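Residue numbers (this note's numbering), protein chains in the order written: chain A, 1 to 94; chain B, 1 to 202.
Keep in mind the hints are simulated off the structure, nothing from the lab. Being a predicted model, the structure only gives us computed values, none of them experimental. Built from N, CA and C at the ideal position, the CB exists for glycine as well. Possibly wrong hints are sitting among the right ones.
[What the hints assert, rightly or not] Calculated Cβ distances over 10 Å to all of chain B for the following chain A residues: (1) Leu39; (2) Lys63; (3) Arg67; (4) Phe93.
[Said to hold, decoys possible] Just so you have them, the derived chain A footprint on chain B, three or more residues with Cβ under 8 Å: (5) 20 to 27; (6) 35 to 48; (7) 66 to 73; (8) 93 to 104; (9) 175 to 184; (10) 189 to 195.
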Amino acid sequence: MENNKDHIIPYQTLILVVTGLIVLTLISVSVTTIHLGALTVFIALLIAAVKSSFVLWIFMHLKFEGRLFRLGVTGVILLITSVIIITMLDYLFR
Amino acid sequence: MNNTQEIEQEALTSKTGMWLFLFTELLLFGGLFIVYSVYRYQNSEAFHLAANELSVFIGTFNTIILLISSSTIAMSITAIQKKNKRLALLLLGATFLLGFIFLVNKYFEWGHHIKEHIYPGSYDLSLRGHGDILFYGLYYFMTGVHALHIIVGLGFIGIVTVRISKDKIHSGKFVLLENCGLYWHLVDLIWIFLFPLFYLIT
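Using the sequences and the hints given, assemble the complete structure.
As structure tokens, this is what we get:
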């Protein structure tokens, strides 16, 4: 496993990321004021997914970690989303 | 194996353990999100109406507070790597303060609902129908478990702050600070999903 113990994330990068996250939050809030029906949930979740990938990738250092952690995170996310999708399919078509 | 290698090995092991724990945390909240999606699908009308009673302003404010606190703890890792102990402590203090403000807001939010007799098991809520009961049950439980994580996170930050001030965490050995950061980011990550799902359904 590659070791990037010495990797230092510059302050500017972190400030840039948090600014982006706040802007995305405000976008997500303003989108709900427009009535888009079922699309609203989809957009809200999409923005949440983008925000969480920033948190995972930069704040949680996944970008600089080995493959093991990335694989684990992807696995857990896939597991949760697939269980939600399968459960919803059941409820939608019963 | 020399000393630095040993410390690196130790750090990697410790971080692996932390990530494994975070996976179980994600599965815990994942299960709750599954329950949420089914109940919301079955009671979409009631969920929409009940969600309108939550304050979008406080929710947004709290989201921004948590996001900023996540960046300050990430910056404290940068600071410790750059051997800037004072700045690292300052940033950890800021993270702690922001987390505390989040809890205070949560207290007023819950307090407001409880004053209106809207809480699990209350008579007023039982009059309002099945969907509202489910919505508020999930709201109290999920934000409650999340708030519990914030409290644990604050304790963790406190321990790390003491250890940095005693020079037990320094630029050569800071895995405990990294793990503390990971935990705090997880709390932030969960809130990123809780916020649109409870506050932004219109």
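Here's how the hints hold up against the structure:
At roughly 12 Å, the least C-beta separation between leucine 39 (chain A) and chain B is larger than 10 Å, which holds for a residue marked as non-interface. Remark: the non-interface label on lysine 63 (chain A) is consistent with the geometry, its nearest Cβ contact in chain B lying 12 Å away (cut-off 10 Å). Non-interface call for arginine 67 (chain A) relative to chain B: holds, since the shortest CB-CB distance, roughly 12 Å, exceeds 10 Å. Against chain B, the non-interface label of phenylalanine 93 (chain A) holds: every CB pair exceeds 10 Å, the least being about 12 Å.
Counting residues of the region 20 to 27 of chain B whose C-beta sits closer than 8 Å to any C-beta of chain A gives 4, which meets the bar of three, so the coverage hint holds. Requiring three or more residues with a Cβ within less than 8 Å of a Cβ of chain A, the coverage given for the region 35 to 48 of chain B holds, as 4 such residues are present. Coverage of the region 66 to 73 of chain B by chain A holds. Counting CB-CB distances below 8 Å, 4 residues qualify, and the rule asks for three or more. Counting residues of the region 93 to 104 of chain B whose CB lies closer than 8 Å to any CB of chain A gives 0, so the stated coverage by that chain is violated, three being the minimum.
Coverage of the region 175 to 184 of chain B by chain A holds in this model, with 3 residues showing a Cβ closer than 8 Å to a Cβ of that chain against a need of three. Proximity of the region 189 to 195 of chain B to chain A, defined as three or more residues with a beta carbon under 8 Å from a beta carbon of that chain, is established by the 4 residues found.
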